[in-house]
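Visitor: Produce the entire structure from the sequences given, and follow the hints as far as they go.
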Amino acid sequence: MNTIYIIFLIFLGGAVFTYFAGKIHKVLQDILFLVSILVPAYLFFANVEIGQNVNLTLGGISLSWGINYFSWLFSLIVLGLGSLAAIYAVGFMKGEKRRGYFYFNFILSIMAMTGILLSRDLVSFFVFWEIMTWSSYLITIYNGNKVQSIGIKYFVFSAIGAYAMLMAIVMVHHITGSFLIGDMIHAYPAMALSMQIWIPIMFLMAFGVKAAMMPLHVWAPGAYSNAPMAYTSVFSGALSKMGIYGMTLVLVTMVNHIPQGVWFREVLAWLGGITAVIGTLWAIQQDDAKKLLAYSSVAQLGYIITGIAIGTELAMLAGLFLAVMHALFKGTLFMVVGAIEKQTGTSNFTEVTGLIRKMPWTFLSALLAIIALAGIPPLGGFVGKWMLYESLITSNHYLLVIVIFFASTAAFLYCYKFLFGFFMGQEEKEWAHVKEAPAVMVLPMLIMALFMLVLGTFPGIILNPINHGLQALGYADSYKHLWDTSIILNSWGNKVVLQPILYSIAGIFLFFIAFLTWKGYKNTRFISTKDISSSGEVPKEDENLTFSVGFMQPFYRAVEPAMRRQIDKYYNAFADGLEATFEFLRRIYTGNGQTYAIYVIVFVVVMLLFKDFLF
Amino acid sequence: MMKELKEHIIRRVKANFTEAEENNDFTYDRLDFTVKKEVVPSLLLFLKEEMGFKHLSHASCVDWLEEGELELVFILWSPKDKIKVFVRTRLDRDNPVMDNMDNIWPQLHTYEREFREMFGVQFTGLEAPDEFILEDWQGPPPFRRDFDTAAYAEKTFWHRPGREDAQDVRETIANRDGEDIPDFAKKYSR
Amino acid sequence: MVGTPVLFIAIPLMAAFLIPLLGMIWKELVRIVPGLVLTYLLILSINLLDHVLAHGPIVEVIAGWGPPIGINLVFSALSGFLVVLMEFLGLLVWAYSYRFKRNVDYEPALKYFLMLMMLITGSVGIVLTGDIFNMFVFIEITSISAYGLTAFYKGRNSAEASFKYVMMGSVASTFLLLAIMIIYAQLGTLNMADIANKIHLMNPTLKIVSYIFFVTALGIEAEIFPLNGWAPDAYAEAPGPVGAAFAGIVVKAAVYAIIRYTYTIFDLSGTFNFLIIIGMITLIIAETAAIRQEKLKRMLAYSSIGQMGLVMVAFGFGTEEGVFAALFLMLNHAIIKSLLFFSGSYLTYNSTDKKISEVNGMSKFLPITSLLFALGAFAIVGLPPFAGFWSKLAVMTAAADSNMILIMALVLIVSVVELVYYLRVVNRVYFYKKEADVKPKRPTVNALIVMITLGAIILLVGFYPDAVTGLLHKASAGLMDKTQYIHNVLSVR
Amino acid sequence: MEEVLYNVLGAIATFLVAFVVGMTYGGLNRKITARVQNRKGPPFYQNFIDTLKLASKKSAIHHGVMQHFGPAFLMVTSVMSLLIVPVLTHNQWFPNLNFHGDLIFLLYIMVFGPLGMALGAGQTGNPNSAIGITRGLSQMVGYEIPWVLALVALMIQYHTTSIVGLMAVQAQSGTWLMFSSPFAFIAAVMAMLGMFSYSPFDVVIAPAEIASGPASENGGKYLFTMMSSGSVFAFVKLTLYVDLFMGGADNIVILLVKTFALYMIPVLYSLTTVRYRTEQSIRWFWGWPSFFGLLAILQAVIF
Amino acid sequence: MINDKNSQKIVDIIQNWARKHSIWVLGYGTGCGAIEIPPTMTSRYDAERLGVRGAATPRQADVLLITGYLTTKTLKRVIRVYEQMQDPKYVIGFGSCTINGGMYYDSYNTIKVLDKYLPVDVYINGCMPRPEAVLSGFGQLQKRIAEGRADGAKQYKENLEWYRANQKKIIPNWVMPEYNW
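Chains as they are written, first to last, in the numbering used here: chain A, 1 to 615; chain B, 1 to 190; chain C, 1 to 493; chain D, 1 to 303; chain E, 1 to 181.
Keep in mind the hints are simulated off the structure, nothing from the lab. Some hints here could point you the wrong way.
[Unchecked claim] Listed below are the simulated DSBU-like cross-link pairs for lysine-lysine, each with C-alpha atoms no more than 35 Å apart in a straight line:
no.: 1; chain 1: B; residue 1: LYS84; chain 2: B; residue 2: LYS48
no.: 2; chain 1: A; residue 1: LYS569; chain 2: A; residue 2: LYS522
no.: 3; chain 1: E; residue 1: LYS157; chain 2: B; residue 2: LYS155
no.: 4; chain 1: A; residue 1: LYS358; chain 2: A; residue 2: LYS291
no.: 5; chain 1: E; residue 1: LYS154; chain 2: A; residue 2: LYS522
no.: 6; chain 1: A; residue 1: LYS540; chain 2: B; residue 2: LYS155
no.: 7; chain 1: C; residue 1: LYS441; chain 2: A; residue 2: LYS26
no.: 8; chain 1: D; residue 1: LYS31; chain 2: A; residue 2: LYS519
[Stated by the list, open to error] Non-contacting residues of chain E with respect to chain A, defined by C-beta distances greater than 10 Å in every case (computed):
no.: 9; residue: PRO58
no.: 10; residue: VAL81
no.: 11; residue: LYS116
None of the values given here were measured: they were computed from a predicted structure. We put the beta carbon where it would ideally sit given N, CA and C, even for glycine.
Guide: Shown next, in the form of structure tokens:
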């Protein structure tokens with residue numbers, strides 16, 4: 001009984017038992033839930049060796065499961081973030097209704113993601129892909145009846161993507177005769193040109209939907225912001241990485257080997273850039289934290305797609321490193337919003353203010369996550385961004401580097417808006433009772449924040465597995481000439497040594513903090529944020545002067561003309577057109593017998609008229 | 001020409017408000033009407049709507065301490081006929097009550113608030129916070145003539161000594177700093 | 001337990017004859033006897049199927065006359081599979097409606113079970129017979145009992161629906177009779193194998209005309225596009241279990257008949273493309289109509305018409321894989337659609353006009369039924385761990401192997417449409433507030449058992465499809481080689 | 001260990017030089033503005049006195065821990081960028097953390113300050129500081145575009161992303177980058193106007209309107225740290241421009257002359273212009289400066 | 001060595017020198033004298049050469065100018081602003097209204113003697129002193145700072161109750177937060 005079977009059994013068994021355990025006892029349900037996620041994660045990392053494959057035949061189709069270095073890297077994200085989010089979910093879900101339903105689908109989606117990474121043949125890849133889609137769909141509509149249209153929109157987009165992939169899989173099967181990914185890759189160069197073009201496009205459609213690429217990103221903000229926060233950290237952190245995983249596979253192993261591959265990668269790079277800009281511009285303007293983070297994760301995925309699409313070694317390192325970092329800081333940020341929503345009941349900036357003194361640990365993890373998201377040096381985000389820019393410049397994508405840089409600079413605006421919205425400004429009497437989120441929720445956040453800090457100085461920890469993964473995909477070993485444990489270089493020989501940077505930043509920072517606090521310590525006194533110098537007036541008790549409505553208004557006024565046209569409008573118009581044609585077709589069934597009889601006669605007459613043409 | 005116009009106005013007003021006694025002995029374009037306080041709102045409305053006195057140029061309150069009355073004066077001006085009409089009314093000083101007229105002219109609202117704070121005239125139906133210009137004012141309505149400001153100032157504030165006998169303030173300040181008065185200032189000090 | 005195919009017809013007819021008499025003795029017998037008969041027939045069919053899978057098809061001659069003259073029954077792998085399916089579904093429909101009619105007094109219950117018996121016997125007969133006239137007789141039996149069952153609720157709508165069905169049914173039988181006359185006039189024989197042998201002697205134009213008449217007649221029964229006007233009304237107005245019986249059994253038999261004519265009897269070249277075109281049109285029109293429905297049963301009706309269109313398309317590929325995919329689709333459709341009909345009828349039990357909006361919030365009151373309905377919806381749409389996925393995959397592989405890219409694309413787009421309207425209903429069941437005036441009715445025990453067995457089968461086939469693929473491969477092989485069929489039938493002498 | 005000590009001492013020396021030069025430049029700026037306004041103006045060392053007075057303030061108030069982060073982050077930015085930018089070429093007295101000082105890393109360190117300052121200002125709870133922050137960050141996005149266009153053009157043209165590399169190119173080719181890639185220089189200078197946030201772009205600290213924006217609640221020692229870091233940062237920006245476009249300086253006098261010449265551009269421009277609103281300044285930055293930036297890239301790509 | 005007597009004196013001298021030459025005036029004109037400040041700051045009289053500059057908020061300011069009559073209403077705000085300023089802070093009273101009530105000596109709502117409510121360092125008399133007088137006032141203030149006698153803040157802190165009592169006599173309902181210094 002190979003460990004892979006055990007892992008899947010624990011997942012499935014755990015899911016079913018957790019669903020029914022709710023009736024017996026709440027705590028038992030939590031324990032079962034944690035067990036059915038942490039044990040497989042441990043088993044996976046403990047004794048699933050690279051290259052040790054399992055083959056089985058199901059319904060006449062031979063399936064093969066196994067792991068290689070590349071998918072091991074992504075399983076790091078999935079199972080790592082998954083288990084942390086599970087611990088967080090236990091805290092988040094205390095006292096919520098329909099917990100069994102949530103836990104069941106949570107475990108199923110984690111299983112599906114591990115399945116995708118384990119599957120070495122297209123059918124099991126597709127099976128797990130679909131299970132991932134509908135289990136995440138079921139969680140997206142967890143929040144009751146006003147979220148249905150968003151859920152169905154998400155499912156329709158993923159279904160279109162998945163069915164495009166199914167077509168590609170089946171066409172590959174027709175050509176190569178087997179479902180194995182390896183065979184597909186070997187047979188790909190020899191395929192007819194039309195096939196060589198169509199199969200990657202269809203695969204990229206499926207992966208583009210999940211990775212929220214420009215034209216297919218419409219579902220992402222709605223789905224990310226309306227799903228319960230405990231799941232959204234996995235949803236946007238790990239689930240979107242499956243799209244990235246697939247995209248890398250298609251781009252690196254297949255598209256690189258054909259001359260037209262350049263066009264694929266160029267288009268994808270630009271799509272990634274445009275997604276980044278659109279995501280950021282829309283994120284700046286949101287007043288609800290969930291919506292803001294949803295748009296921001298669409299933007300971050302844009303960076304990753306650009307990184308992977310560029311295709312040079314440094315770009316791949318950058319893209320995959322950013323993927324790991326995105327899973328970390330987006331996971332943390334969504335957990336932060338979840339914690340605040342649990343404590344205060346709302347996640348809208350205009351309602352919540354001044355939580356810094358009440359939820360200090362949540363603030364600390366939010367601060368570190370924001371610094372990582374903005375790409376500021378001491379934390380890991382900088383390493384990814386730096387490598388991305390260097391790869392863009394050294395591979396002569398000049399205008400794209402400007403687009404990406406504009407998106408990442410504008411990212412500072414919504415980063416600050418997130419921090420200011422929740423934690424700063426004047427305290428509000430209404431939130432005086434708010435306490436720090438329970439430990440079980442704060443712990444995962446802090447672990448991830450700490451990990452980001454470590455990655456900031458020693459990116460080697462993650463770059464090493466990425467390097468192995470790329471070697472598995474056919475890239476040369478870029479160890480010495482692109483990165484060392486704490487040094488990152490670009491192909492023109494410029495390098496940034498991260499360790500001294502961190503130590504000098506920390507040293508200077510601590511020196512000046514000490515100077516500021518020590519100097520005149522006796523006479524420095526703390527006064528509340530209500531007691532401010534607002535032209536002599538004494539602010540009344542219920543008056544709150546925090547500036548939170550229309551926070552980034554000046555920037556929005558500057559970019560407003562660019563944001564008038566929205567791709568949602570076109571999709572809605574298309575959907576209405578479809579609905580109208582369906583209505584017209586339905587009217588064919590008039591409902592009275594005579595017309596049906598006439599239809600029969602007409603049918604026979606038509607058959608007889610065209611009989612020699614038809615038969 | 002002005003005379004016929006004034007006659008015409010007096011005739012029209014007398015026709016509607018019999019007990020209004022007019023005072024027409026002004027050579028220039030001015031006309032006074034004195035009426036009882038109940039009639040004032042209807043008279044103002046009549047003048048504004050029918051007689052074309054669109055503009056309320058001023059309203060003031062006069063304190064007739066000796067007669068024990070407060071007088072409200074409304075000055076209306078008609079842009080068409082270019083003539084001013086003063087509508088006067090007398091209120092009892094101890095309990096001055098008048099009904100609110102800010103629906104005729106909105107600016108009357110401010111005037112009424114000022115009269116209420118400064119003269120103590122109570123306007124029935126005027127919804128406005130009591131505090132208008134003076135903050136936390138506990139004393140009697142300050143604009144009344146029987147309110148002795150000097151005494152009040154004396155009571156509430158301190159006065160720098162030496163003001164009465166005109167002792168040179170500059171000396172006291174200079175001594176405080178221990179330097180003599182500059183010669184150009186000597187001729188002013190006593 | 002030795003037994004011959006003829007028992008499948010003899011025993012039910014005899015039972016149908018005896019039921020009114022037994023009813024005189026003890027009222028309850030009317031409900032019990034059909035169950036006994038159906039279980040016996042199911043066991044018999046399973047035995048015969050094992051026998052056939054081991055030793056090849058059984059051909060039985062009735063009343064001594066040889067094949068070219070006499071009627072013979074062919075119990076091959078394909079027909080065996082269909083018989084087992086029909087008997088099993090018949091048993092489920094009987095079990096489901098055993099107490100379904102509790103409140104209905106004696107006399108209509110007698111009619112109901114009688115007609116149900118006749119319906120099942122007729123469709124089994126269609127599948128087994130090797131003689132085209134005999135098939136005509138069985139089609140008549142099925143459609144007559146179908147008319148009766150549609151009109152079971154005495155209301156105005158069901159009367160109108162069944163009248164429409166009767167009118168269309170009569171048109172169908174006239175065309176069928178015409179086609180049989182042409183064949184008999186030309187070739188002088190009624191036996192399918194014999195006809196298949198001598199078909200090349202026929203005058204080509206008459207051959208095509210007879211084929212067209214056959215397709216029109218059976219098309220009306222099998223609800224292909226222009227001819228299926230009556231179907232949605234019939235399904236909607238018939239009682240729940242009858243709808244499942246229609247979708248599960250009657251349509252299957254009609255589709256089998258069309259396939260038997262196209263594959264074995266006629267040797268016309270363009271029939272396969274014709275099937276694909278007809279199938280695609282039915283699929284597209286039915287699915288687009290389904291999405292706009294407000295009534296649950298009509299929606300399920302249109303969806304089952306659409307699925308049958310997909311089966312026709314799969315048969316239209318003409319390859320062995322295509323047939324396998326089609327049979328797999330038929331199996332899945334039969335199981336899942338009947339589950340949907342059973343649970344659907346309970347979800348909208350007390351609502352007057354069975355509107356979808358009246359299904360809101362039923363999950364709190366009928367947890368198991370709504371869970372099974374959701375399971376059925378997910379399965380029919382073709383989501384992986386459930387049965388529907390494997391059949392969709394098989395259809396897709398077949399389409400790819402006969403490189404019908406456009407067809408595949410259209411089928412997938414339409415299944416997205418199907419996904420939307422099923423999910424809308426499932427969301428309403430789970431996440432909307434219950435309408436005030438609708439009174440939920442808890443399902444009876446036997447109905448629950450039936451639904452749970454169907455759900456279990458879906459999960460079984462979903463997780464371990466090899467259970468059925470072996471049988472289906474043999475059946476599709478059986479259908480493909482025409483000469484083997486003719487040889488078996490004619491050699492029995 | 002000796003090399004690290006040497007480095008630290010060198011860093012402190014550079015910091016002092018930067019502080020003194022930055023302060024005098026600030027004083028000269030006030031003197032020049034006064035002179036233009038036909039008044040005598042404060043002595044050039046006025047800034048020193050102001051900072052000394054602020055440092056000697058006896059009492060101070062703070063609204064929370066985060067308020068200390070603001071000035072501290074600003075200081076970190078100026079000192080870190082000071083360490084990165086090579087102040088004097090091949091002169092061991094002013095060594096620094098000059099590991100092929102990569103430009104993109106410098107860009108991010110220069111952005112580190114405003115974001116840190118924003119955190120500090122946010123904590124004070126004063127709406128004026130929050131408004132100031134939004135204006136500051138939006139304007140920063142504005143001037144970053146031409147600045148990055150210029151830098152990318154330089155990087156592409158000379159195939160190096162480090163300041164030392166660019167200085168080597170200038171030393172070796174003899175001509176200043178100012179002349180060999182003029183459009184990049186123009187774009188960079190226009191972006192510099194934004195960085196200094198003098199008159200046309202001083203909507204961020206509009207004293208009358210939002211009570212000196214982000215620093216409205218910072219007095220005494222906090223303001224001291226902010227003023228000194230501001231002056232050091234001004235010096236660093238000037239030396240960076242000198243290194244990039246004017247071939248760096250090998251002794252202090254040439255450095256002062258070049259930096260002062262460059263410093264006159266924002267100062268004199270600020271005398272003649274009136275304050276822009278935020279979106280006007282953003283639109284302005286994405287207008288002509290970005291146009292020149294694109295021209296620079298075009299030039300870099302073609303020639 | 002640091003905290004013995006004469007080294008402390010040297011530090012004080014340096015600090016006072018710095019405070020003398022860099023006075024930041026709070027931009028809060030309380031009365032009719034505020035119109036005199038712009039002329040003193042601009043080209044003809046140029047107070048900036050003495051190191052006098054405007055400051056936007058009380059947190060950054062050193063000098064609070066009471067430029068003219070002070071009604072009870074404005075007194076409440078002035079006290080609030082004064083308490084927000086940081087420690088070495090000075091008050092300059094402009095014009096005769098702050099000295100002895102000026103022409104409003106008998107008015108019912110203006111303060112007569114500023115000393116009673118705030119520790120005033122320098123008075124500049126005149127019914128709104130011209131810029132020259134204002135400059136001499138600043139000179140006066142600088143001299144006091146240099147000699148270290150401009151300790152209004154310490155004085156305010158020490159006899160806070162006395163000041164508070166006077167202020168509360170004028171301002172009946174007291175809403176200001178406590179000056180918990």
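Visitor: All the hints need checking, so say for each whether the structure fits it.
Guide: Structure-based check of each hint:
Straight-line distance between C-alpha atoms of LYS84 of chain B and LYS48 of chain B comes to about 12 Å, which keeps the hinted pair within the 35 Å bound. The hinted pair formed by LYS569 of chain A and LYS522 of chain A fails the criterion: a straight-line CA distance of about 61 Å is larger than 35 Å. Distance check on the hinted pair: LYS157 of chain E and LYS155 of chain B sit about 27 Å apart at the alpha-carbon level, within 35 Å; holds. Our distance criterion of 35 Å between C-alpha atoms is met by LYS358 of chain A and LYS291 of chain A, whose separation comes to about 24 Å.
Pair hint LYS154 of chain E plus LYS522 of chain A holds up; C-alpha atoms about 15 Å apart against a cutoff of 35 Å. About 32 Å separates the Cα atoms of LYS540 of chain A and LYS155 of chain B, which keeps this hinted pair within 35 Å; it holds. A distance of roughly 30 Å separates the Cα atoms of LYS441 of chain C and LYS26 of chain A; the hinted pair therefore holds under the 35 Å criterion. Of the pairs offered as hints, the one joining LYS31 of chain D and LYS519 of chain A holds, with about 31 Å between alpha carbons and a cut-off of 35 Å not exceeded.
Not every CB of chain A is more than 10 Å from the CB of PRO58 of chain E (nearest about 5 Å), against its label as outside the interface. The non-interface label for VAL81 of chain E is inconsistent with chain A: the shortest C-beta to C-beta separation is roughly 5 Å, within 10 Å. Distance check for LYS116 of chain E against chain A: the nearest CB is about 20 Å away, which clears 10 Å, and the non-interface claim stands.
Violated hints, listed in ascending order, are 2, 9, 10; each of the other numbered hints is respected by the structure.
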